[in-house]
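There are 2 protein chains.
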Amino acid sequence: MSGPSEAPADTAQTALAQVLAVLKARADSSLAELIEFASLPSISAQSQHAPDMQRAAEWLASRLRQAGLSTVELWPTAGHPAVYAEWLGAKGAPTILVYGHYDVQPPDPLERWKTPPFTPTVVGERIYGRGVSDDKAPLLLTVQVADAYLAATGRLPVNVKFLFEGEEEMGSAHLPALVAERAERLGADFVLSADGGMWSAETPSLTVSARGIAALEFTVRGPAKDLHSGRHGGSVHNPLHAIATLVASLHDERGQVAVDGFYDGVEERTPEQRHSTAQLPFSDEAYLIQTGAPSVYGEEGFGTLERQWHRPTLELNGLWGGYTGEGSKTVLPSEAHAKVTCRLVPGQDPARISALIEAHLQAHLPPGVTLEVRLSDHQARAYHLPPDHLGGQVARQVLAEVYGQAPLEVGMGGSIPVLETFLGTLGLHTVFFSFAVGDEDIHAPNEFFRIARLAQGQESWARYWWNLAESAAQQEPRA
Amino acid sequence: MSGPSEAPADTAQTALAQVLAVLKARADSSLAELIEFASLPSISAQSQHAPDMQRAAEWLASRLRQAGLSTVELWPTAGHPAVYAEWLGAKGAPTILVYGHYDVQPPDPLERWKTPPFTPTVVGERIYGRGVSDDKAPLLLTVQVADAYLAATGRLPVNVKFLFEGEEEMGSAHLPALVAERAERLGADFVLSADGGMWSAETPSLTVSARGIAALEFTVRGPAKDLHSGRHGGSVHNPLHAIATLVASLHDERGQVAVDGFYDGVEERTPEQRHSTAQLPFSDEAYLIQTGAPSVYGEEGFGTLERQWHRPTLELNGLWGGYTGEGSKTVLPSEAHAKVTCRLVPGQDPARISALIEAHLQAHLPPGVTLEVRLSDHQARAYHLPPDHLGGQVARQVLAEVYGQAPLEVGMGGSIPVLETFLGTLGLHTVFFSFAVGDEDIHAPNEFFRIARLAQGQESWARYWWNLAESAAQQEPRA
Chain Y
1 MSGPSEAPAD TAQTALAQVL AVLKARADSS LAELIEFASL PSISAQSQHA
51 PDMQRAAEWL ASRLRQAGLS TVELWPTAGH PAVYAEWLGA KGAPTILVYG
101 HYDVQPPDPL ERWKTPPFTP TVVGERIYGR GVSDDKAPLL LTVQVADAYL
151 AATGRLPVNV KFLFEGEEEM GSAHLPALVA ERAERLGADF VLSADGGMWS
201 AETPSLTVSA RGIAALEFTV RGPAKDLHSG RHGGSVHNPL HAIATLVASL
251 HDERGQVAVD GFYDGVEERT PEQRHSTAQL PFSDEAYLIQ TGAPSVYGEE
301 GFGTLERQWH RPTLELNGLW GGYTGEGSKT VLPSEAHAKV TCRLVPGQDP
351 ARISALIEAH LQAHLPPGVT LEVRLSDHQA RAYHLPPDHL GGQVARQVLA
401 EVYGQAPLEV GMGGSIPVLE TFLGTLGLHT VFFSFAVGDE DIHAPNEFFR
451 IARLAQGQES WARYWWNLAE SAAQQEPRA
Chain Z
1 MSGPSEAPAD TAQTALAQVL AVLKARADSS LAELIEFASL PSISAQSQHA
51 PDMQRAAEWL ASRLRQAGLS TVELWPTAGH PAVYAEWLGA KGAPTILVYG
101 HYDVQPPDPL ERWKTPPFTP TVVGERIYGR GVSDDKAPLL LTVQVADAYL
151 AATGRLPVNV KFLFEGEEEM GSAHLPALVA ERAERLGADF VLSADGGMWS
201 AETPSLTVSA RGIAALEFTV RGPAKDLHSG RHGGSVHNPL HAIATLVASL
251 HDERGQVAVD GFYDGVEERT PEQRHSTAQL PFSDEAYLIQ TGAPSVYGEE
301 GFGTLERQWH RPTLELNGLW GGYTGEGSKT VLPSEAHAKV TCRLVPGQDP
351 ARISALIEAH LQAHLPPGVT LEVRLSDHQA RAYHLPPDHL GGQVARQVLA
401 EVYGQAPLEV GMGGSIPVLE TFLGTLGLHT VFFSFAVGDE DIHAPNEFFR
451 IARLAQGQES WARYWWNLAE SAAQQEPRA
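Line by line, the protein sequences are chains Y and Z. According to our numbering, the first sequence holds residues 1 to 479 in order. According to our numbering, the second sequence holds residues 1 to 479 in order.
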């Protein structure tokens, strides 16, 4: 067996066909493997799940070994381990670094799940479970493709390194140090990411931008202990009132972030870019049906997609204090808490944004309470893939082959902090090539993945490696 | 043995002395009984504790029977049962209705307790545990006094009915119906309440007013499900932002409640009344040390005690939504929640206040979200004891005897909804005669009771019944 750069086209096509045939024959076992993988509650943010994280890393390493990867290693970090594997036998062919994450979000609120979050359940054409869409199915299928290539042809068309981390859902805090430390091992032509997602199940899309992120938490403190709100109400400031005033001060009535300097340096999009976004098949009406929100809302003067992809935001992710249980408890609580994340666009620096928010909170702090702000290292700049990047061109080609139509070029509202790590530390751009879809309720109850996209993703990744080797050989013939 | 109205003064004094001697001899067993009673987690607001509520009611009934009360009954309600007992052998003497409650507040936040909340623990001169101050020690000592009278003299100096309810901490929802239904059995001259509290451990005080209460909860809803805050942030209104805006709108910058009509009808206090409050031995500095708050805060133009006792308030007791656990979860939650209680003063109607707040919330609702308001039946008007009430006069006399100084006349910031029930349904005024102290962290972690006040309370209640019989006999000789 031989790769496309070394063999006549018909033999080559036969080899790819054999790989695709193996994948097709393994459809049932591919799904069974996903169920096994997604049964592991690999919740990186909750310390009681540390043993499950270790178990998931070992499961993944074992699956990579079973695929026939020549090198499989667990790379320890100060937090959860990363799983690394490589196959480097395609002499002269490009090297790609496949990225994904095996950790998942916490499943709460548990009572809103219709099936247990860690008992992946097939219902019709979907599989439900925490992490199936983000990122276990999209990650696992890349391993299954490598397995199929090695089984059918004894080799891969390109050199492949896999780096699957365990801290994406908590901000990839220890990945920058790991990547810096292992930079030599991680050298590649670009990153092909199994994380991300397409924006619709009907139309293929290629994500060429992602918003950055800055995160912080803050606590407002009043009395040293919880007080009886009847006896003490009216004499000291209630931290719940104070935090509400602070949170309300973060936005103005036009939906803009009211933090001084927040929009400084934001790159305005050109009229052409705005027109292109406006042309995408998107309707507010359909979006409201999908989300169940009573109406769209946000910064005046921008469309919904522009606000999602290309405008920065400041969102509360959590707000709490006092009695939140059943019935009544007449308490004037000693503390109130808030968790905040901002989504950033090109021109915004995460550290500066965090500092501006801290300054705003200090400046707007009501009397009678104190403030503690904890800045998070969960931060990343916004990202853009250059239009002429080879990895992006191959992705367009493959998606057109598999789906019969050219992909839409879209932005991503979410953030992948590792984009900055890969670009800053390794000098590598990242091509998103995930087969998750944006409506699959990731980070929410009843997360699901469309089972058909497991096969579509496998075929696409198989073709991607094949076409990349061909394109690279045509661009610059190698030995 | 005979009561004071039927016997010469020296015999009578001897009888009271015998009762006091019995109580003194039983000091250790009195404390042991309190520990047993406070070990029962009788949390009325949490349905999983319904069996503990039943156990506590039965424990109390059994203790009343052991005391020798001729009639002891559990009175069922649509919620938790009330415990009723009576001794009516003091022909011609007044009849008092002793009120208290055997339910307690939820103990959370559990991690802030230094000793387990339901393992009552003696530390120095205090006993720590949920409910020891509110209201288990003050309630239990009234039963121990009846026991001592019956043991030492075979009778009580006055007719006594005990009514101990199990729903005070959840607003006494079913007590009005019970009192109305049992009105004939509950007939008395006035209510003597074991609930309430003195405002300082050093100086006796008599509470002559209590604020009323109105309660409600509200929920702000945005999308039908939790969304990823990266993907969706900026496109729909975040319910946490919306609820913060709503909560912030409830007060103005001068600390006043900003709800239209909230202060309508509030009775202004006279310059003499305000002067009297200002003369009480109270310092903001000491109060800040006690509570640990950075500064006092509230309605401009009023002192701290006035704001606590005589001005109405609107307090958030709970505010929550989104992710509140460890680490980060980038969620745009579908809902946010708030619990509110108002404290009311004479001139304010609870139902009207609730309606005004609901109208305010509807009028100030930000775009892109919906609102659900749930009014609570946890409500009561403010209360005042008439200055010339016999029950109040006896209380002043007894406190002066036991503590060697005349009691201060104080207000109560908290609310006892049953005051309105007793006045409205039975036509009875209520005299507060509790030996809890206002600094004992009720409704908060590490609630405690001063052990010495168990004996002081017992002596005071013993003298109260004795002196009441004497005073009544002097005012209007009976057969």
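Keep in mind that the hints are not guaranteed to be accurate.
One copy or any two copies: either way a pair holds, since identical chains are not told apart in the list.
Under the rule of at most 20 Å between Cα atoms (straight-line distance), these lysine to any residue pairs were calculated in the SDA-like manner [what the hints assert, rightly or not]:
1) K114 - G124
2) K114 - L408
3) K114 - T270
4) K225 - V402
5) K91 - N467
6) K91 - S249
7) K91 - Y263
8) K91 - A473
9) K91 - V266
10) K225 - Y403
11) K225 - D284
12) K225 - V437
13) K225 - H337
14) K91 - S471
Quick caveat, the hints were computed from the structure, so don't treat them as lab data. Every value quoted in this text rests on a predicted model; they were computed, and no experiment measured them.
Here's how the hints hold up against the structure:
For a Cα distance limit of 20 Å, the shortest separation of K114 from G124 inside one copy, 14 Å, qualifies, whereas the shortest one across copies, 52 Å, does not. Neither within a single protomer nor between protomers do K114 and L408 lie at most 20 Å apart by alpha-carbon distance, with minima of 33 Å and 60 Å respectively. Within a single copy, K114 and T270 get their C-alpha atoms no closer than 45 Å, and across copies no closer than 61 Å, so neither meets the 20 Å cut-off. In the homo-oligomer, the alpha carbons of K225 and V402 never lie at most 20 Å apart, since the shortest distance is 62 Å inside one protomer and 32 Å across protomers.
In the homo-oligomer, the alpha carbons of K91 and N467 lie at most 20 Å apart inside one protomer (16 Å), although the nearest pairing across protomers, at 106 Å, exceeds that limit. Taking the shortest alpha-carbon separations for K91 and S249, neither the intra-copy value of 59 Å nor the inter-copy value of 68 Å comes in at or below 20 Å. For a Cα distance limit of 20 Å, the shortest separation of K91 from Y263 qualifies neither inside one copy, at 48 Å, nor across copies, at 83 Å. In the homo-oligomer, the alpha carbons of K91 and A473 lie at most 20 Å apart inside one protomer (12 Å), although the nearest pairing across protomers, at 113 Å, exceeds that limit.
When the C-alpha separation of K91 and V266 is checked against a cutoff of 20 Å, the pair qualifies neither within a copy, at 44 Å, nor between copies, at 88 Å. Taking CA atoms no more than 20 Å apart as the test, K225 paired with Y403 passes in neither setting, with 61 Å inside one copy and 30 Å between copies. In this assembly of identical chains, the alpha carbons of K225 and D284 lie at most 20 Å apart only when taken from different copies (17 Å versus 47 Å within one copy). Taking the shortest Cα distances, K225 and V437 sit within 20 Å of each other only across copies (17 Å), while inside one copy they are farther apart (46 Å).
Taking the shortest Cα distances, K225 and H337 sit within 20 Å of each other inside one copy (15 Å), while across copies they are farther apart (22 Å). Proximity of K91 and S471 under a CA criterion of 20 Å is satisfied intra-copy only: 15 Å inside one chain copy versus 109 Å between copies.
Hints 2, 3, 4, 6, 7, 9 and 10 from the list above are not met by this structure, while the remaining hints are.
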